[in-house]
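Chains as they are written, first to last, in the working numbering: chain A, 88 to 218; chain B, 488 to 933; chain C, 16 to 500.
Read the hints as simulated data drawn from the structure, not as lab findings. One should not assume that every hint holds.
With a cut-off of at most 27 Å between alpha-carbon atoms, the simulated DSS-like pairs for lysine-lysine come out as follows [as the list claims (entries may be wrong)]: (1) LYS165(A) - LYS151(A); (2) LYS252(C) - LYS306(C); (3) LYS204(C) - LYS151(A); (4) LYS204(C) - LYS178(C); (5) LYS101(C) - LYS489(B); (6) LYS404(C) - LYS139(A); (7) LYS151(A) - LYS473(C); (8) LYS524(B) - LYS306(C); (9) LYS808(B) - LYS141(A); (10) LYS524(B) - LYS363(C); (11) LYS771(B) - LYS498(C); (12) LYS808(B) - LYS178(C); (13) LYS306(C) - LYS363(C); (14) LYS178(C) - LYS306(C); (15) LYS641(B) - LYS178(C); (16) LYS404(C) - LYS498(C); (17) LYS641(B) - LYS136(A); (18) LYS180(A) - LYS473(C); (19) LYS101(C) - LYS363(C).
Over 10 Å on every C-beta distance to chain B, these chain A residues come out as not near it, computed from the model [stated by the list, open to error]: (20) PRO107; (21) GLU130; (22) TYR157; (23) ASN168.
Predicted model, so just to flag it, every value in this text is computed and none were measured. Ideal Cβ placement from N, Cα and C applies to all residues, glycine included.
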Amino acid sequence: MACPQDLLFTRDHEWIRIQPDGTARAGICDFAQEHLGDIVFVELPAVGKAFKQKDVFAVVESVKAASDCYCPAGGTVKEVNARLVDEPATINKDPYGEGWMMVISVASREDLRQLMKPEEYDKYVAEGGGH
Amino acid sequence: MKYLPHTEADRKKMLETIGVSRMEDLFADIPEGVRFKGRLDVPPALSDPELMRHLRELASRNRTVDDYTSYLGGGAYDHFLPSVVDHVASRNEFYTAYTPYQPEVSQGTLQTMYEYQSLMCELLGMDVSNASMYDGATAAAEAALISCRHTERKKAAVAATVHPEWRQVLRTYMWGRDLEVVELPHAGGVTDVERAKALLGPDVACLIVQHPNFFGCLEPVEELEKLAHAAGGLFVAGVDPISLGVLKPPGEYGADFAVGEGQSLGNHLNFGGPYLGFFTCTEKLMRRMPGRISGQTLDANGQRGFVLALATREQHIRREKATSNICSNEALCALAAAVYLTTLGPRGIKHVAELCLHKAHYLHDRVAMLERFKPAFSAPFFKEFVVRSQLPAGRVISGLLEDRIMAGPDVGRFYPDLKDHLLFCVTERRTREELDHLVARLEGSL
Amino acid sequence: MKRVEPLIFDLSSPGRVAYSLPAVDVPAAPLERLLPAGALRGRAPRLPEVSEIDVIRHFVRLSRLNYGVDLGMYPLGSCTMKYSPKINEDAARMAGFTELHPYQPEETVQGALELLYQTQCFLAAIGGVDKVSLQPAAGAHGELTGLLIIKKYHESRGERRNKVIIPDSAHGTNPASAVTCGMETVEVKSDERGGVDLDALAAVLDEGVAALMLTNPNTLGLFDENMRRIAEMVHAKGGLLHYDGANVNAIMGITRPGDAGFDVVHFNLHKTFSTPHGGGGPGAGPVGVKKLLEPFLPVPTVGRDGERFFLEDDRPQSIGRMKSFYGNFNVVVKAYAFIRSLGPDGLKRVSEDAVLNANYLMRRLQPYFDLPYDRHCMHEFVLSGRRQKNENGVRTLDMAKRVLDYGLHPPTNYFPLIVEECLMIEPTESESVETLDEFADVLITIAGEAKENPDVVKSAPHDTPVLRLDEVLAARQLNLRWKKG
Chain A
88 MACPQDLLFT RDHEWIRIQP DGTARAGICD FAQEHLGDIV FVELPAVGKA
138 FKQKDVFAVV ESVKAASDCY CPAGGTVKEV NARLVDEPAT INKDPYGEGW
188 MMVISVASRE DLRQLMKPEE YDKYVAEGGG H
Chain B
488 MKYLPHTEAD RKKMLETIGV SRMEDLFADI PEGVRFKGRL DVPPALSDPE
538 LMRHLRELAS RNRTVDDYTS YLGGGAYDHF LPSVVDHVAS RNEFYTAYTP
588 YQPEVSQGTL QTMYEYQSLM CELLGMDVSN ASMYDGATAA AEAALISCRH
638 TERKKAAVAA TVHPEWRQVL RTYMWGRDLE VVELPHAGGV TDVERAKALL
688 GPDVACLIVQ HPNFFGCLEP VEELEKLAHA AGGLFVAGVD PISLGVLKPP
738 GEYGADFAVG EGQSLGNHLN FGGPYLGFFT CTEKLMRRMP GRISGQTLDA
788 NGQRGFVLAL ATREQHIRRE KATSNICSNE ALCALAAAVY LTTLGPRGIK
838 HVAELCLHKA HYLHDRVAML ERFKPAFSAP FFKEFVVRSQ LPAGRVISGL
888 LEDRIMAGPD VGRFYPDLKD HLLFCVTERR TREELDHLVA RLEGSL
Chain C
16 MKRVEPLIFD LSSPGRVAYS LPAVDVPAAP LERLLPAGAL RGRAPRLPEV
66 SEIDVIRHFV RLSRLNYGVD LGMYPLGSCT MKYSPKINED AARMAGFTEL
116 HPYQPEETVQ GALELLYQTQ CFLAAIGGVD KVSLQPAAGA HGELTGLLII
166 KKYHESRGER RNKVIIPDSA HGTNPASAVT CGMETVEVKS DERGGVDLDA
216 LAAVLDEGVA ALMLTNPNTL GLFDENMRRI AEMVHAKGGL LHYDGANVNA
266 IMGITRPGDA GFDVVHFNLH KTFSTPHGGG GPGAGPVGVK KLLEPFLPVP
316 TVGRDGERFF LEDDRPQSIG RMKSFYGNFN VVVKAYAFIR SLGPDGLKRV
366 SEDAVLNANY LMRRLQPYFD LPYDRHCMHE FVLSGRRQKN ENGVRTLDMA
416 KRVLDYGLHP PTNYFPLIVE ECLMIEPTES ESVETLDEFA DVLITIAGEA
466 KENPDVVKSA PHDTPVLRLD EVLAARQLNL RWKKG
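Build the full structure now, drawing on both the sequences and the hints.
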């Protein structure tokens, strides 16, 4: 799957989409969900919690592994996807859409500049980026 | 040597297959500088009859609770073990099995774990149980560490009436993580609620209480639970599982974690170990649980089976982010506990608890009439109580020993302000004749 | 047709009993008079009501669903699933050992204290250390104890060091134990020979390092020839070395970690010293230290004064207690009996045969699987299932499940993490040539099946009491206990 063109990406396979109102929605990429296998549980952050870029904001668990998710850009959590509590496999089915994990208010545009654009990310994945 | 099957012919054939001429060649990677020269300093091998004779000699230099009448308690208890327990626990398929990482050939272990978990939840009134920790003391310590992590606070409060060795273990574990422990003082053998209020602030992650406590007294658990929760901390109840035949279980008075020593459930005294730490919690805290847990599922044919569940919490997957470093647990002791609880059933656990309760109160009331001994506290108690002695504790203990009675321990060893106080425990094994005899000795010839 | 053994709760029938206790023989006041009403239990616990015959049949049937060492081989790397001698079990069952209360006066337990004392001495001799505590209840507990001792040592010298170096091949308990003492883990990679990469080690060694945790031979079954150099490097920076004793079965009487520079050594009695695994425990993880760390050992240890044995707890700088009472005494009894049965020559033979068996299996299997380290191994070795995965889409997990169909237990898989599709094999000295050949033949057959008939491997097991279990379902629909109704 070529990645969606309206997102920015981290080297650890998280994505972030800036929304018109200036907040940003974040989740994990197709590469990550495929690598993890069937997701059975997601530990989401509390609303109101603040993270810096690269802080662990969530943990995604499959049967055999538990993966930390790193915050793509620093900010404060405004909303989390409650659907993932009962249907964690939504991340497997639709990682860029219904499988979104949190909405944050972005603290620094500078953080966003560190991220990869879609073409860069596609190239990164094709070259075996991350693990 | 009977544990080493290889004959010289076997070894020769194997060395040939490997392609070396001598055993020594296989150790070529070990540098000269670290080779051990000479023989290990352990005694020469004993044949089986010699070994048995030696072990019997060692065993004969011990006095047991079968040879002597024991009133020893303090965290390890002389309860009656139904015969079925050891018959089950000594099945080769149970005791020589490995950890059930290959569930398809471990359903015996996994289903008995699940049943143990269920039985403990029922007894304690809690939502989830793990498959065991090392003992009550480490279970309580791990509950404290988890509480600190969960609440993001750095202090654990523990009642001074909690078993002294539990508190020592707690201090060691908390120091390990650079966390603090604060103790809540007692008055009259029970935690002082007023003074507890002052010590339970917004920096306290949990309150650990034992009920009955080390002195055998019942604690004001409902009030303490409210204080702990009002301060935003978690409430850890350490309980005697036998007491739950008559006492309200911790799940009904708001415990977040209910832990304790499960040795009373089908395990021998074993001079202090192996014992059984049980660890249960509410559903909310389930993912914080340490150790192994068995969960139900289906196999490829839709048949019910069991697997290790929530394994992503554990060290072999989560490594430094695991909920605990625990790997090997006390599985066989938990199996014994499961058999014991199954054997006792709801009537049996009530029956054994009532026998302990009534016999302990009988002894207590008779001791209360003596000149030189008095119960130290007036709080309600279950099967243990503290006696203040006008004679030095050591003299009482050695005097009774001459009459083949084991009393104590001397509480003063653990609580410096309680010198010459003795802890007495009465289980269902003590008969009225034995109790009367003890009273007569205390009264008379000491 | 497969019979599924119900849960004990489902065998319950109200009114049945399996216990026998006497009637009360003292005055029995109503409970409300002895205990406050609010403290009393309302509803009885929903424990099963069954007869004794139900208890026995239920648990005996469940036992028959289990595999055990007394049934067949367990070639599990780093687990040392050797045979548990029955005389050790008899020893441990003697009433003179099982019916002792830990708070009995010391003069009534001299036999028990002597047994503990001697075991302390034997382990010290085997490990090349000065003093041993038998208190830790498991290997991971022993690791934690060792690291706490090291932490206290540094504190006593006014130093705050909080880094622990751990090789990338280490067992998961190592980093988990380090974190439990408030330490940060720093991973050091292995070189192509499988040992610690010295340059990588030098790069992470500084005055913030509290300790290096190592097992030698390592989890690849290889002895790190640079052991002395590694110890020098760590000591030069003021750090200490903790030896993970999981692999002691390879080295008894041949080399001793204490002589190679380790300051702390922990032992696994349920591995090297033959005590049974019990379905997951109990084990025991005694810790031995060099003189400089003796003041920090947990209390109590057992001391000797002529013919008298006693508990020694006068150790002001001790880390404190790691568990209640003295350790898993009944497990120690079995290890004691094992050591007394073998003596010094027997223990050395144990290690020699363990190493011989592993090398034999490795060479027999070498033509059929990828061998990441083609050199003499010690008591265990690793293979990679990479070839089978790439050529036939058959994974190590599938091959492991297929071993079950042949009535044997598979080796450890997917550990250590540094080998792709890893199979870690440790036969132990208990296995005869015939058993080893049988196991090798099974793996070779499966390698063949992977080529000729991969589906039978991928859908294994077929002949076990249950088939492959749905772990995703177990995780998504958590069912961790029986509930009524």
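Hints and how they fare:
1. LYS165(A) - LYS151(A): Roughly 30 Å between the alpha carbons, so the hint for LYS165(A) and LYS151(A) is violated.
2. LYS252(C) - LYS306(C): 19 Å, holds
3. LYS204(C) - LYS151(A): 23 Å, holds
4. LYS204(C) - LYS178(C): 16 Å, holds
5. LYS101(C) - LYS489(B): Satisfied, since the Cα-Cα distance of roughly 11 Å is no more than 27 Å.
6. LYS404(C) - LYS139(A): Violated, at about 40 Å.
7. LYS151(A) - LYS473(C): 18 Å, holds
8. LYS524(B) - LYS306(C): Cα-Cα ~21 Å, so holds.
9. LYS808(B) - LYS141(A): Roughly 17 Å separates the two Cα atoms, so the pair holds.
10. LYS524(B) - LYS363(C): 12 Å, holds
11. LYS771(B) - LYS498(C): Within the cut-off at roughly 17 Å; holds.
12. LYS808(B) - LYS178(C): With a Cα-Cα distance of about 16 Å, the restraint between LYS808(B) and LYS178(C) holds, given a limit of 27 Å.
13. LYS306(C) - LYS363(C): Roughly 26 Å separates the two Cα atoms, so the pair holds.
14. LYS178(C) - LYS306(C): Roughly 23 Å between the alpha carbons, so the hint for LYS178(C) and LYS306(C) holds.
15. LYS641(B) - LYS178(C): 21 Å, holds
16. LYS404(C) - LYS498(C): Cα-Cα ~42 Å, so violated.
17. LYS641(B) - LYS136(A): Answer holds: LYS641(B) to LYS136(A) is near 20 Å, not above 27 Å.
18. LYS180(A) - LYS473(C): 25 Å, holds
19. LYS101(C) - LYS363(C): Cα-Cα ~21 Å, so holds.
20. PRO107: 35 Å, holds
21. GLU130: 7 Å, violated
22. TYR157: 14 Å, holds
23. ASN168: Consistent with the label, ASN168(A) stays out of reach of chain B, its closest Cβ about 18 Å off (over 10 Å).
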